[in-house]
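Residue numbers (numbering that gives the first Met the number 0), protein chains in the order written: chain A, 0 to 249; chain W, 0 to 304.
Treat each hint with caution, since some may be false.
As the list claims (entries may be wrong) - Keeping only pairs whose Cα atoms sit at most 25 Å apart, straight-line, the calculated SDA-like set for lysine to any residue is:
no.: 1; chain 1: A; residue 1: Lys78; chain 2: W; residue 2: Met286
no.: 2; chain 1: A; residue 1: Lys76; chain 2: W; residue 2: Lys265
no.: 3; chain 1: A; residue 1: Lys78; chain 2: W; residue 2: Gln108
no.: 4; chain 1: A; residue 1: Lys78; chain 2: W; residue 2: Asn235
no.: 5; chain 1: A; residue 1: Lys76; chain 2: W; residue 2: Ser116
no.: 6; chain 1: A; residue 1: Lys78; chain 2: W; residue 2: Gly122
no.: 7; chain 1: A; residue 1: Lys201; chain 2: A; residue 2: Gln40
no.: 8; chain 1: A; residue 1: Lys119; chain 2: A; residue 2: Gly192
no.: 9; chain 1: A; residue 1: Lys78; chain 2: W; residue 2: Phe120
no.: 10; chain 1: A; residue 1: Lys76; chain 2: W; residue 2: Tyr296
no.: 11; chain 1: A; residue 1: Lys78; chain 2: W; residue 2: Leu111
no.: 12; chain 1: W; residue 1: Lys210; chain 2: A; residue 2: Val234
no.: 13; chain 1: A; residue 1: Lys216; chain 2: W; residue 2: Asn235
no.: 14; chain 1: A; residue 1: Lys161; chain 2: A; residue 2: Leu25
no.: 15; chain 1: A; residue 1: Lys201; chain 2: A; residue 2: Arg248
no.: 16; chain 1: W; residue 1: Lys160; chain 2: W; residue 2: Ala87
no.: 17; chain 1: W; residue 1: Lys210; chain 2: A; residue 2: Arg248
no.: 18; chain 1: A; residue 1: Lys76; chain 2: W; residue 2: Met286
no.: 19; chain 1: W; residue 1: Lys265; chain 2: W; residue 2: Thr209
no.: 20; chain 1: A; residue 1: Lys78; chain 2: W; residue 2: Phe222
no.: 21; chain 1: A; residue 1: Lys76; chain 2: W; residue 2: Pro40
no.: 22; chain 1: W; residue 1: Lys162; chain 2: W; residue 2: Val177
no.: 23; chain 1: A; residue 1: Lys76; chain 2: W; residue 2: Leu41
Said to hold, decoys possible - From the derived model, a few chain A residues whose C-beta atoms are all more than 10 Å from chain W:
no.: 24; residue: Pro54
no.: 25; residue: His118
no.: 26; residue: Arg124
no.: 27; residue: Gln154
no.: 28; residue: Thr173
no.: 29; residue: Val195
no.: 30; residue: Ile196
no.: 31; residue: Glu202
no.: 32; residue: Ala218
Unchecked claim - Just so you have them, the derived chain A footprint on chain W, three or more residues with Cβ under 8 Å:
no.: 33; segment: 51-65
no.: 34; segment: 86-94
no.: 35; segment: 195-204
no.: 36; segment: 283-296
Treat the hints as calculated values from the structure; they're not laboratory data.
By construction, the Cβ of each residue, glycine as well, lies at the ideal position given by its N, Cα and C atoms.
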Amino acid sequence: MMWRALIFFLFAALPAEAEEQVVAGLSQTRISISTNFDGSQILIFGAVKRESPIPAGPLQVVITVAGPSEPVVVRRKSKQYGIWINTAQVDVDAAPSFYAVSTSALWNDSISDTEDLRHKISILRAIRSVGASIPGTENFTDALIRIRTGNGLYQTNIGTVKVDQETLFDTAVTLPSNLREGSYTVRFYLTRGGRVIDSYQKEIAVRKVGLERFLFKLAHDQSLSYGILALSIAVFAGWGASAAFRLIRN
Amino acid sequence: MQIYLPIAEVSVNAFLLLGIGGIVGVLSGMFGVGGGFLITPLLFFAGIPPAVAVATSANQIVASSISGVLAHLRRRTVDIRMGLVLLAGGLVGSALGVQVFNMLRAIGQIDLVVRLSYVVFLGTIGALMFVESLNAIRKSRGGRARPARKKHNWVHNLPVKMKFRTSGLFISVIPPVVVGMLVGVLAAIMGVGGGFIMVPAMIYLLGMPTKVVIGTSLLQIIFVTGFTTLLHATTNQTVDMVLAILLLVGGVVGAQIGTRIGARLKAEQLRVLLALLVLIVCARLAMDLLFQPTELYSLAPVGAG
Numbered sequence: 000m001m002w003r004a005l006i007f008f009l010f011a012a013l014p015a016e017a018e019e020q021v022v023a024g025l026s027q028t029r030i031s032i033s034t035n036f037d038g039s040q041i042l043i044f045g046a047v048k049r050e051s052p053i054p055a056g057p058l059q060v061v062i063t064v065a066g067p068s069e070p071v072v073v074r075r076k077s078k079q080y081g082i083w084i085n086t087a088q089v090d091v092d093a094a095p096s097f098y099a100v101s102t103s104a105l106w107n108d109s110i111s112d113t114e115d116l117r118h119k120i121s122i123l124r125a126i127r128s129v130g131a132s133i134p135g136t137e138n139f140t141d142a143l144i145r146i147r148t149g150n151g152l153y154q155t156n157i158g159t160v161k162v163d164q165e166t167l168f169d170t171a172v173t174l175p176s177n178l179r180e181g182s183y184t185v186r187f188y189l190t191r192g193g194r195v196i197d198s199y200q201k202e203i204a205v206r207k208v209g210l211e212r213f214l215f216k217l218a219h220d221q222s223l224s225y226g227i228l229a230l231s232i233a234v235f236a237g238w239g240a241s242a243a244f245r246l247i248r249n
Numbered sequence: 000m001q002i003y004l005p006i007a008e009v010s011v012n013a014f015l016l017l018g019i020g021g022i023v024g025v026l027s028g029m030f031g032v033g034g035g036f037l038i039t040p041l042l043f044f045a046g047i048p049p050a051v052a053v054a055t056s057a058n059q060i061v062a063s064s065i066s067g068v069l070a071h072l073r074r075r076t077v078d079i080r081m082g083l084v085l086l087a088g089g090l091v092g093s094a095l096g097v098q099v100f101n102m103l104r105a106i107g108q109i110d111l112v113v114r115l116s117y118v119v120f121l122g123t124i125g126a127l128m129f130v131e132s133l134n135a136i137r138k139s140r141g142g143r144a145r146p147a148r149k150k151h152n153w154v155h156n157l158p159v160k161m162k163f164r165t166s167g168l169f170i171s172v173i174p175p176v177v178v179g180m181l182v183g184v185l186a187a188i189m190g191v192g193g194g195f196i197m198v199p200a201m202i203y204l205l206g207m208p209t210k211v212v213i214g215t216s217l218l219q220i221i222f223v224t225g226f227t228t229l230l231h232a233t234t235n236q237t238v239d240m241v242l243a244i245l246l247l248v249g250g251v252v253g254a255q256i257g258t259r260i261g262a263r264l265k266a267e268q269l270r271v272l273l274a275l276l277v278l279i280v281c282a283r284l285a286m287d288l289l290f291q292p293t294e295l296y297s298l299a300p301v302g303a304g
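Input sequences plus hints: build the corresponding full structure.
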């Protein structure tokens, strides 16, 4: 009896969830980091697919772009013995190396707090921090967000998603030059009255190419050869400059 | 012109890096210091991650030192025998230093120790050198061409004596080995060649003539920094070849110019200038320790300093 009731509820819930669907695209699904890479801009666009008339209430779109997550140590300095030294630290278990969240309206009009908590949309929620052994851990995560926002790695772009006729939407996200390699996730959320009605996900591959890729792989896979190569270049350059200057002088 | 560095994973202006390499190269050629104590902080300011800055500048120092040492070899101002004795101590020292470095990194205080050692060593050596060389200049103006070197101190009473012809010395090998070892330890911890410690130690402790000191110090620096580069490349993968090449191009050219400038200046003048430079860098680093930083928090990847 129980499972029959469960199935009934699932089917009853489904059409309501799928009443409006996101269909989305990106200007590029891969970003190549070459020697002259100086940041990039991706255009994110899409449409809302629906079979029924437009429901009441304004439609909002929230789009997030997240880089690969990795653990980070946040250290705090304080004055001891007359000098400023690191005295406290908090390990943040996973923080995205890049995170941009763009909305079509003011934050509170775009998404409710419960939905933010469930889908981990805001920057603060996207960072997972467990090590709450020190009182005031929130200061450390705040600092993490502040420093990365200063570097252009974390962005909160309020009202930058343009929604046209409750159907078409588009925005642009600027990626800084200090990008980490990896798979970047773009998430799309359609909301009405702060409630998520549909979501969609796409990947962007950020990869080094050419010389950058070759050197990076060599440095990690064959570090001894890489080190010897770096040294040989140094030795040759030093000798070459000396010889060249002697030629010029004579 | 912006250029993306594959290991540092940042995009930096190529001309800025060439300029940094050039300035440090000139100083390296003039004073016989590797320039590590200057290039590493300059790279921090350019936005290069500290771990990459330290490892890559070691590689850069190898090149500018070779360029410098060849110029000195031609002028016969390198005491090769002394260089090898110093090096023997230096390699033992840097192996020890790496152990200390890893220990400090594990407790998260490497940054503090590096800064403190810079301030203490640069401050002491800079001040001593400044006072001494000012006195020397005053004396030489007073009619004497050259300050008298102390011919006999406790250093000359130790066993295992060896003849260093180029330096005109007949002393025990123990002091040079100890000096080399000390420099090796500091080099590994501070991520520098150690020339700024080596040069005064050779002049004041071993009593070597200033002209020979620079070439000999460069010779030893080549091997110590070369060893450090390999160590960083294999353990941390933090040597950035693109960054290194840009610094190299600026650095080797600078070193040649510096050697020529150095040859024209008097030894005492050289020492005053080096002392001033050391003191300026020391003051800059001390300021960071003494005044409240604008950002109290710092980020680091897990498992690194």
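Quick rundown of the hints versus the structure:
Distance restraint check for lysine 78 of chain A and methionine 286 of chain W: the Cα-Cα separation of roughly 13 Å lies within the 25 Å cut-off, and the hinted pair is therefore satisfied. Taken as a hint, the lysine 76 of chain A and lysine 265 of chain W pair is broken in the structure, with Cα atoms around 45 Å apart against an allowance of 25 Å. At roughly 14 Å between alpha-carbon atoms, lysine 78 of chain A and glutamine 108 of chain W fall within 25 Å of each other, so this suggested pair holds. Taken as a hint, the lysine 78 of chain A and asparagine 235 of chain W pair is broken in the structure, with Cα atoms around 31 Å apart against an allowance of 25 Å.
The hinted pair formed by lysine 76 of chain A and serine 116 of chain W meets the criterion: a straight-line CA distance of about 18 Å does not exceed 25 Å. Pair hint lysine 78 of chain A plus glycine 122 of chain W holds up; C-alpha atoms about 22 Å apart against a cutoff of 25 Å. As the CA atoms of lysine 201 of chain A and glutamine 40 of chain A are separated by approximately 16 Å, the hinted pair is consistent with the 25 Å bound. Under the criterion of a C-alpha separation no larger than 25 Å, the hint pairing lysine 119 of chain A with glycine 192 of chain A is consistent with the structure, at around 18 Å.
Restraint check for lysine 78 of chain A and phenylalanine 120 of chain W: satisfied, since their Cα atoms lie roughly 22 Å apart, inside the 25 Å limit. A C-alpha spacing of about 6 Å is found between lysine 76 of chain A and tyrosine 296 of chain W, which places the hinted pair at or below 25 Å, so the restraint holds. Under the criterion of a C-alpha separation no larger than 25 Å, the hint pairing lysine 78 of chain A with leucine 111 of chain W is consistent with the structure, at around 12 Å. For the hint pairing lysine 210 of chain W with valine 234 of chain A, the CA-to-CA distance comes to about 24 Å; that is within 25 Å, so the pair holds.
Annotation: proposed proximity of lysine 216 of chain A to asparagine 235 of chain W holds, straight-line Cα distance about 14 Å (limit 25 Å). Only pairs whose Cα atoms come within 25 Å are accepted, and lysine 161 of chain A paired with leucine 25 of chain A is accepted, the gap being roughly 15 Å. The straight-line distance between the Cα atoms of lysine 201 of chain A and arginine 248 of chain A is roughly 61 Å, outside the 25 Å bound, and the hint therefore fails. Distance hint between lysine 160 of chain W and alanine 87 of chain W is fulfilled; the C-alpha atoms sit about 16 Å from each other, no more than 25 Å.
A hinted pair counts as satisfied when its Cα atoms are at most 25 Å apart, and lysine 210 of chain W with arginine 248 of chain A qualifies at roughly 22 Å. Pair hint lysine 76 of chain A plus methionine 286 of chain W holds up; C-alpha atoms about 15 Å apart against a cutoff of 25 Å. Under the criterion of a C-alpha separation no larger than 25 Å, the hint pairing lysine 265 of chain W with threonine 209 of chain W is consistent with the structure, at around 10 Å. Only pairs whose Cα atoms come within 25 Å are accepted, and lysine 78 of chain A paired with phenylalanine 222 of chain W is rejected, the gap being roughly 39 Å.
Distance restraint check for lysine 76 of chain A and proline 40 of chain W: the Cα-Cα separation of roughly 19 Å lies within the 25 Å cut-off, and the hinted pair is therefore satisfied. The straight-line distance between the Cα atoms of lysine 162 of chain W and valine 177 of chain W is roughly 17 Å, inside the 25 Å bound, and the hint therefore holds. This hinted pair checks out: lysine 76 of chain A and leucine 41 of chain W have alpha carbons roughly 22 Å apart, not beyond 25 Å. Every Cβ of chain W is farther than 10 Å from the Cβ of proline 54 of chain A; the closest lies at roughly 44 Å, confirming the non-interface assignment.
Distance check on histidine 118 of chain A: its Cβ is at least 26 Å (rounded) from any Cβ of chain W, clearing the 10 Å threshold; non-interface status holds. Listed as outside the interface, arginine 124 of chain A is consistent with that label: its C-beta sits roughly 19 Å from the nearest C-beta of chain W, beyond the 10 Å cut-off. The claim that glutamine 154 of chain A is not at the interface with chain W holds, since no C-beta of that chain comes within 10 Å of its own (minimum 17 Å). Under the 10 Å C-beta cut-off, the non-interface status given to threonine 173 of chain A relative to chain W holds; the minimum distance is some 13 Å.
At the 10 Å boundary, the C-beta of valine 195 of chain A stays outside the reach of chain W, the nearest C-beta of that chain being 31 Å off. For isoleucine 196 of chain A, the requirement that its beta carbon stay farther than 10 Å from each beta carbon of chain W is met, with the minimum near 37 Å. The beta carbon of glutamate 202 of chain A sits about 20 Å from the closest Cβ of chain W, which is more than 10 Å, so the claim that it is off the interface holds. Some Cβ of chain W comes within 10 Å of the Cβ of alanine 218 of chain A; the nearest lies about 5 Å off, and the non-interface call is violated.
Note: the segment 51-65 of chain W has 7 residues with beta-carbon separation from chain A under 8 Å; the three-residue rule is met and the coverage holds. Restraint check on the segment 86-94 of chain W versus chain A: 0 residues with Cβ-Cβ distances below 8 Å, three needed, restraint violated. Given a C-beta distance limit of less than 8 Å, the hint that chain A covers the segment 195-204 of chain W is violated, as 0 residues qualify and 3 are needed. Given a C-beta distance limit of less than 8 Å, the hint that chain A covers the segment 283-296 of chain W holds, as 9 residues qualify and 3 suffice.
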